[in-house]
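> When you line the first sequence up against my numbering, it's residues 62 to 642, in that order.
Because the hints were derived from the structure by calculation, they are not lab data.
Beta carbons are placed, not taken as given, at the ideal position from N, Cα and C, and that holds for glycine.
It is possible that some hints are incorrect.
Lysine-lysine pairs mimicking DSS-like chemistry, simulated, CA-CA at most 30 Å apart [to be verified]:
(1) K384 with K370
(2) K370 with K301
(3) K488 with K184
Here are the computed distance ranges between Cβ atoms for each label pair [what the hints assert, rightly or not]:
(4) G435 with N193: 30 to 40 Å
(5) E506 with G375: 41 to 51 Å
(6) K277 with E333: 26 to 36 Å
(7) R307 with R448: 45 to 55 Å
(8) A77 with E333: 52 to 62 Å
(9) A81 with D490: 42 to 52 Å
(10) Y346 with P492: 44 to 54 Å
(11) T329 with P492: 38 to 48 Å
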Amino acid sequence: MNLFTDIRTLVLEKLAEMEAEGALPAGLERGNVSVEPPRDPAHGDMATNAAMVLARPAGKKPREIAEVLAGKLGEDARISVADVAGPGFINLRLAPSVWQGVVKSVLETGRDFGRTAMGRGQKVNVEYVSANPTGPLHVGHARGAVFGDALASLLDFSGHEVTREYYINDGGAQVDVLARSVYLRYLEAHGQEVAFEEGTYPGDYLIPVGEALKEKVGDAYLGQPEDMWLGEVREFAIEKMMEMIRADLALLGVEMDHFFSEKSLYGTGLIEETLELLRGKGLIYEGVLEPPKGKKPEDWEPREQTLFKSTKFGDDVDRPVRKSDGSWTYFAPDIAYHYDKIRRGYDALIDVLGADHGGYVKRMKAAVAALSDGRVPLDIKLTQLVRLFRDGAPFKMSKRAGTFVTLRDVVEQVGADVTRFVMLTRKNDAPLDFDLSKVLEQSRENPVFYVQYAHARVCSVLRRAREAGIDVEDAALAAADLGRLDHEAELALARKIAEWPRLVEIAARTHEPHRIAFYLYDLASELHGLWNRGNEIPALRFLQEGDPATSQAKIALARATAVVISSGLAILGVTPVEEMR
RNA sequence: GGCCCCUUAGCUCAACUGGAUAGAGCGGCGGACUUCUAAUCCGCAGGUUGAGGGUUCGAGUCCUUCAGGGGCCGCCA
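Generate coordinates for the entire structure from the input sequences, incorporating the hints supplied.
Right, dumping it as structure tokens:
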């Protein structure tokens, strides 16, 4: 149930009536008639812009339409007041029974309250993390992981059929570098002195991999030429790296549905097939690119390459898919990979990438538009940098021991719940400051705590009520006399709860899970506010001594709040806590 | 040189994709504990939404010019 769409439907019905009565011309476009909460609650519970939107096409004054429409809306039992304001808004105030009904509805549907069919079962593929299998995940990957995972959950909650996917870049030159680095650690494991030169990965995390390799093959690779061991060491190393990455993700509670290997594209002919498809559309040609301006590569010289005509889809220059030496660029398998996603029947694709991949957006969108003939939308969400702090001081990232930067270190330090919530307290395209000390503070300043505390407070009330012998099962609360919830402060909380389904839709439509986190903060704030008003006005306390019926009604409201908090946290992948001690 | 993102209160950030008088937290000032947990709440102060121009009933939001910050710019991913 979504009250806002319910009332919008009512508005549309009344507009149809007006049309039938000749008060409005027939066939007006009503797509942008909206019903929203007004920015200022003093204006009412909801406002519609219908009169203003229709005034021009109807050739009437906004207020003229508004007066008639407001009169008709007032006839509905759910509307207690409908009046015209400002340039032609109609402000609606809804009857208390409507808000009481929302509370009941939450208790009846539980965590599914707010679920919507908006996605209409569309198949959506969310690709995220997709870090190179050359080392442990770092904090930046953590942000992408949390964002992508929450977005996937959000889309699921809003009626989409979601696949969580990770693309393993195991086909490029960087995995050869990995293999050589592991080989060095292998030599080291055999007691040899080694030097990590430019173009190798010196990280300690490869030491155990070198040892494991020794364990596996003994001295078989010692003193052997590279082409004898490279392939097998590469396989071995990638497997170890992916084990590590999966473990890192598991630590954060991220579980992928599908890992897609770049390497698996080679030898299947899919890359060739994809490019032939594009060639058939006249989008592939042999050519020479202009040198990039501003930056002057010393070794630049014009070379003929195979190019994709991405400029036809709004890109700045055409992009190479085959290097001058005949091998693929990284872009070629990426195109094939996205073509594979299209062929798997997704209705929409989402890629979550780090902001440093911004230059990649236009060309990938161009490729997907070309391959799907514009049928399959690709949204690319870029996650900005994470800046680590401790006690307010910037935390210098250093690979030397003592200063940690990996996902694992952060999660082990502050926990998965805290990491996830904090990562979602910023828009994806805004930089994020992550203070390792502050996120553990138990104060209002820390939104994780603040929201969790609200949930715990409700649980505390439930515990006490049970001790007092009150039935606080959801079914009992739903059946309580909710008409007793008549105080303005209580209705305000119920109104906030009523916004939840609408917020889910907006967040899902915009692909912005951070909206969930902000909403939960607001909802928690409403609850804390009501709680404290119980200090001055005892009648507002949830637990009413000697009055089980009223207690049940009030507890129903508290419980409904907790259900929505818990449902929202579930989308973010955070576990609600029942007590804070 | 070009492209993308960002610029909102002293600080950190929202603002429901074009709605009414731009909102929170922190910091500052002043209040509320015999309590269902004061780990919280209430009030006050704080703004030319980086600058200019445009589109319209209406702009933080869309278009445009400019300034500042970040990212990217063939054979790395």
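> K384 and K370: Cα distance at most 30 Å?
Distance of about 15 Å is within 30 Å: holds.
> Starting from the range 42 to 52 Å, see whether the pair A81 and D490 falls in it by beta-carbon distance.
The hinted range 42 to 52 Å holds for A81 and D490, with Cβ atoms some 47 Å apart.
> Taking only the CA atoms, is the gap from K370 to K301 under or equal to 30 Å?
violated (38 Å)
> Could you check the hint for me, namely that E506 and G375 are 41 to 51 Å apart, CB to CB?
Given a distance of about 43 Å, which is inside 41 to 51 Å, the answer is holds.
> Starting from the hint 38 to 48 Å, judge whether the C-beta atoms of T329 and P492 obey it.
Cβ of T329 to Cβ of P492: about 40 Å, so the range 38 to 48 Å holds.
> Can you let me know if the beta-carbon spacing of K277 and E333 is within 26 to 36 Å?
holds (35 Å)
> Looking only at beta-carbon atoms, does the pair Y346, P492 fall within the given range of 44 to 54 Å?
For Y346 and P492 the Cβ distance comes to about 40 Å; the hint is violated.
> Quick one: are A77 and E333 within 52 to 62 Å, going by C-beta?
Holds: the Cβ-Cβ distance is about 56 Å, inside 52 to 62 Å.
> Could you check the hint for me, namely that R307 and R448 are 45 to 55 Å apart, CB to CB?
violated (27 Å)
> Below or equal to 30 Å on CA atoms is what counts here, so check K488 against K184.
holds (25 Å)
> Check the following: the C-beta atoms of G435 and N193 are separated by a distance inside 30 to 40 Å.
holds (31 Å)
In the structure shown, a violation is registered for the earlier hints numbered 2, 7, 10, in ascending order.
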